Amino acid sequence: MLKEILAVTGKSGLFRLVSRGNNMLIIESLEDGKRMPTYARDKIVSLADISMFTTSDDKPLNEVLIALQAKQGGKPVDFDIKKAENDTLRNFFAEVLPDYDRDRVYPSDIRKLLMWYNILIKAGITDFTEKTDEVEADPAVVEKKEERHAAPKRQVKTQKSAATSVKTGVGAKRG
Numbered sequence: 001m002l003k004e005i006l007a008v009t010g011k012s013g014l015f016r017l018v019s020r021g022n023n024m025l026i027i028e029s030l031e032d033g034k035r036m037p038t039y040a041r042d043k044i045v046s047l048a049d050i051s052m053f054t055t056s057d058d059k060p061l062n063e064v065l066i067a068l069q070a071k072q073g074g075k076p077v078d079f080d081i082k083k084a085e086n087d088t089l090r091n092f093f094a095e096v097l098p099d100y101d102r103d104r105v106y107p108s109d110i111r112k113l114l115m116w117y118n119i120l121i122k123a124g125i126t127d128f129t130e131k132t133d134e135v136e137a138d139p140a141v142v143e144k145k146e147e148r149h150a151a152p153k154r155q156v157k158t159q160k161s162a163a164t165s166v167k168t169g170v171g172a173k174r175g
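For the sequence shown, counting from 1, position 83 maps to 83 in the working numbering; every step adds exactly one.
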């Protein structure tokens, strides 16, 4: 789900990818539903591609959002994010992600993350898990995909072998 949610440099808020054009993307604001084009000159980042610095490995944004959602009970952050002091933000985020890198994660990053979380919750987007990895790992799904792709290949082989036998004259009657 987070692959379709975009952040655009220079535009506040989050956007959903609606359509792709030749040199542009059509995006829709999650806050007011307005649609607009974005071009190659705009820096666009999918939320699925963002991660947070920690003292060990970087955490993907979806895992951070899941932890934040668990802390908040699925509700938006209830304090004023824009007016909150830096120490308040750091202490709050330490409860969500205790091992975040305090030198590389700035209060502005925490502020942006909390605002994004509130936008997502208000837009009704509450499932932050990445489903593509789970679907690919499921053996039943992999088998069904193989069956789907196997049938057309057999048909193509049969058609090719029939076409080859006609061209070469194998099996044709000679008078």
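It is worth saying that the hints were derived from the structure and are not from the lab. If you're wondering where the values come from, they're calculated on a predicted model, not measured in any experiment. One or more hints might be untrue.
[To be verified] Quick list of the computed label-pair ranges, beta carbon to beta carbon:
hint	residue 1	residue 2	range
1	Arg102	Met36	15 to 23 Å
2	Asp58	Arg90	16 to 24 Å
3	Asp58	Glu31	23 to 31 Å
We treat Cβ as the ideally placed atom computed from N, Cα and C, and that holds for glycine.
Hint check:
1. Arg102 <-> Met36: 15 to 23 Å: With a Cβ separation near 37 Å, Arg102 and Met36 fall outside 15 to 23 Å, so the hint is violated.
2. Asp58 <-> Arg90: 16 to 24 Å: About 18 Å separates the Cβ atoms of Asp58 and Arg90, which means 16 to 24 Å holds.
3. Asp58 <-> Glu31: 23 to 31 Å: Distance hint for Asp58, Glu31 holds at roughly 28 Å.
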